[in-house]
Amino acid sequence: MIWIETIVQGVLLGGLYALFAAGLSLVFGIMRLVNLAHGDLIVMGAYLILVVVSVSGLNPFFAALVAAPFMFTVGWILQRAVLNRTLGEDILPPLLVTFGLSVVIQNTLLEGFTADSQRLSMGPLETASVNVGPITMGTLPILTFGSAIVVILVLNWIFYRTAIGRAFRATSDDPVTASLMGIRPDRVFATAMGLALVVVTIAALYLGTRSNFDPYVGPARLIYAFEAVIIGGLGSLWGTLAGGIIIGVAQTLGAAINPEWQILAGHVAFLIVLLVRPRGLFPRAFD
Amino acid sequence: MTQTYTASARTRAGTLSGIAALILLVVAIVLPSFASRSLIQDLFFILTMLTLAQFWNLLAGYTGLVSVGQQAFVGFGAYMLFGATILWGVNPVAALFMSGVFALLLAIPTAFFAFRLSGAYFAIGTWVVAEVVRLCVAQWQAVGGGTGTSMPRDARDAMWGVEWIEILFDVRSSAARDILAYWLALALAAATIGGIYWFLRTRRGLALAALRDNVEAAKSTGVDATRMKWIVFLVAAFGTGIAGGLIFMQNGRISPDSAFSVTEWTAFVIFIVVIGGIGTLEGPIIGVLVFFFLQELMADFGAVYLIVLGLLGIAIMLFAPTGLWGFFAKRTGIALFPTQRRLETKR
Amino acid sequence: MALLETRGLTAHYGDFQALFGVDIHLDEGETVAIIGANGAGKTTLMRSITGVLRGEPEQIRHNGTGIGHLMPDMIMKRGIVMVPEGRRLFPSLTVEENLLIGGQHKGGRDLGDRIDSILSRFTGGPDPMEVVSGNDGTGVWTLDTVYDLFPILKERRHTPSTALSGGQQQMVAIGRALMSNPSVLLCDEISLGLAPVIIRDIYAALPRIRAGGTSVVVVEQDIGQALKVADRVYCMMEGRVTLEGRPDEISRDDVHAAYFGAPA
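Residue numbers (this note's numbering), protein chains in the order written: chain A, 1 to 287; chain B, 1001 to 1347; chain C, 2001 to 2264.
Hints listed in this document are in silico derivations from the structure and should not be mistaken for laboratory results.
Be aware that one or more of the hints could be misleading.
[Claimed, not checked] Dumping the calculated DMTMM-like pairs for lysine to aspartate or glutamate here, alpha-carbon to alpha-carbon at most 20 angstroms:
1. B:Lys1330 to C:Asp2015
2. C:Lys2154 to C:Asp2248
3. C:Lys2228 to C:Glu2030
4. C:Lys2228 to C:Glu2189
5. B:Lys1229 to A:Glu126
6. C:Lys2228 to C:Asp2254
[Stated by the list, open to error] The following residues of chain C were derived to be distant from chain A, with all beta-carbon distances above 10 angstroms:
7. Ala2002
8. Tyr2013
9. Asp2023
10. Gly2039
11. Asn2063
12. Glu2097
13. Leu2192
14. Pro2207
15. Val2229
16. Phe2260
[As the list claims (entries may be wrong)] Going by beta-carbon spacing under 7 angstroms, a handful of chain A positions derived as facing chain B:
17. Ser54
18. Val55
19. Leu95
20. Gly100
21. Val104
22. Asn107
23. Leu110
Predicted, not measured: the structure shown is a model, and the values here were computed from it.
Don't be surprised by glycine CBs; every beta carbon is placed ideally from N, CA and C.
Work out the full structure: start from the sequences and follow the hints.
Right, dumping it as structure tokens:
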């Protein structure tokens, strides 16, 4: 029974990792940009929510609502002013620029908030749990998992059912022809990055409420997100959720055997999947 | 009348810089006889960072392998040095070679995994491997597990050549160890630059340049891209491992967080190469000097220093992607390490 | 005043000059054909007009305004739309989505234009709000009328565009361009690679396109087809216009000379 509980916890943890990964996957899908600062942007979002909470006294959930439009704007400006200039055949500029950005964000946060670890307080919700039969599940992990599913549903709806989603797909296919149809690729990319940072804000909410964070935890979140994306197969958000679940279950199982093995077990699971299915579990038919 | 053409990579600046490099090398070798201990330590830092930068540049600038996981080889090399000295009683200087060999052995499975990921994903793939190695090493209790360990006193004192240096320069053993480490770093940096320069001028090296400039064209001339990637990745791991061993041999203390630090062994190295000029041998040299002086200037500012470094790296990548050296070379046409061959007429 | 004209248009790809002072014009309601061999500069001319290659403002004029410096999306929003060579449909979009995307950014001014309009005051560059003024993209062409023009597309509306035959793909490309109700339609090599019977079907749509208030430029290697549909013909060779005239005025020998550079 303890094993079933461990697995259920792992699945729920996978929801958190899928949230980390969804923004990364979105940006890569639309503009083939691998954003090495993605994890640090999540941490930045968590600090932003923290600031809103401490200034206004709002519950973190509402604070995230306040932070989301701000994060959208940050993403939009970042893409228009910096990242659009790096896109092209050569993979070096985007990698190095986003890597530089990662260092800049980390140290700006360090300068502004010190290295002390912080947490977004949810009051009694933090310890609340529900019993399903013999299994006890935390309310917050369930909420996280539910949010991941909602985020994926909404992103898929935007992608396949709205005009801006059409523009995303068209620009991703062929930016020159898209511009002949009145689309400005640099604006579409800016909107996509803005949207990705809204997803990042949601990820940040759960990062901050479920565990402590400090300015240095970003890179590890980037790695989990990246592993979830690769395991799932590029371009599939449901695959990314599956990838997140695999990492999550591997981590909780590893931790159940030896607490020090938690992180390692997740990485090992990733390497095994990479070994047997290099293109991920649910690769897109064409790329 | 027929003219014969020969293709030569020799240039006047190249010849002059060759002579200058020899003089510089001689000065650097005799430097410990009159330089202060802190200068020797600074130079040790510059030389080891230069070595790391040259290898990362060989990977990213010449082969297109943008690794952000080189700390795996620094850390693993360093830990193998500590392991070999502590567990097997190997002399630390001899263990440096083992640092390189073990880093190379680690590079084989790393490449096997990371080469399955293309382009940008390769970068994060190497980072994952570095994390895995760090987490595994942190479980290794014999070298201190997660908290790390110091080099045992007797191993430190037994380092080859230290006694000789003590007598030669009439210094205490701690200063003598710094001088030894400095000489080793000098030898490593010189061998790295010389070796990469030699390699780039061989047929293989020229093929590498062709590969960077145009993969399709290079394929049609029979360059085996995969093979070249493997060779470069393994060679870079070997050199990076030795550099890692040397850095922590001089340091005397090791912990998983310092040995596998992505900031120090990868971020700094990337900034050095990008600021100096990626894809050139001169770039990392300029870059490491700029990096060192920036660090001296802003050492008291802590995080602000890293912010400035990051912003500088971003600005250079956006507005002068060939770096400071590229900017300079384009205006003057000077190449200290000419690798491009030009046609010369013989009468 | 011509609807669209080029005056001494030049174009370069790096050091290579592709156009050497091209003068063409298109009047309201006209169909003009541009013929010429491969490499004559026809596609470069199209790329210049649509803003993919940008140059001097006054070298290209639309309704009397210099547009040679504008970005492709601004040109499109002014009402100059191209059916690109090779059709260039979006493979991840269905037939209907391909059509919709042609109409979704027409004329008008969206939020992006408003933001860029403010930005243009600081960065210089054309103000997108000014550029697109006077065209709201309304007219006869809607999803329904395009389906009416090419009924086969309605049957296949939810198919991925990659699953269509070449001729059907060409219909989607034309429909996609029409969805914004352009005043100028540029058709780049629309018969390339298609069977004669399909080319005939596609050209049969031309009169209805003209009746909808759109003037047309067809770029063709198929001289016979071009002469059949055009009011006027330009022949290009090596980046210059070598012949201009009405189809009934010019002889086969004239065309041959203008096309290949030597008398027959």
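Verification of the supplied hints:
1. B:Lys1330 to C:Asp2015: Holds, because 19 angstroms separates the two Cα atoms, which is no more than 20 angstroms.
2. C:Lys2154 to C:Asp2248: violated, 38 angstroms
3. C:Lys2228 to C:Glu2030: holds, 14 angstroms
4. C:Lys2228 to C:Glu2189: holds, 15 angstroms
5. B:Lys1229 to A:Glu126: Violated, at roughly 49 angstroms.
6. C:Lys2228 to C:Asp2254: holds, 16 angstroms
7. Ala2002: Non-interface label stands for Ala2002 of chain C: nearest chain A Cβ at 22 angstroms, farther than 10 angstroms.
8. Tyr2013: holds, 15 angstroms
9. Asp2023: Holds, since 24 angstroms exceeds 10 angstroms.
10. Gly2039: Answer for Gly2039 of chain C: holds, closest chain A Cβ roughly 20 angstroms.
11. Asn2063: holds, 18 angstroms
12. Glu2097: violated, 5 angstroms
13. Leu2192: Nearest chain A Cβ is 16 angstroms from Leu2192 of chain C, so the label holds.
14. Pro2207: The assertion about Pro2207 of chain C holds, with a minimum of 24 angstroms to chain A.
15. Val2229: holds, 23 angstroms
16. Phe2260: Consistent with the label, Phe2260 of chain C stays out of reach of chain A, its closest Cβ about 31 angstroms off (over 10 angstroms).
17. Ser54: violated, 21 angstroms
18. Val55: Violated, because the Cβ-Cβ distance from Val55 of chain A to chain B comes to roughly 23 angstroms (cut-off 7 angstroms).
19. Leu95: holds, 5 angstroms
20. Gly100: Holds: closest Cβ of chain B sits about 4 angstroms from Gly100 of chain A, inside 7 angstroms.
21. Val104: Result: holds, 4 angstroms to nearest chain B Cβ.
22. Asn107: holds, 4 angstroms
23. Leu110: Hint on Leu110 of chain A: holds, closest Cβ of chain B at ~5 angstroms, below 7 angstroms.
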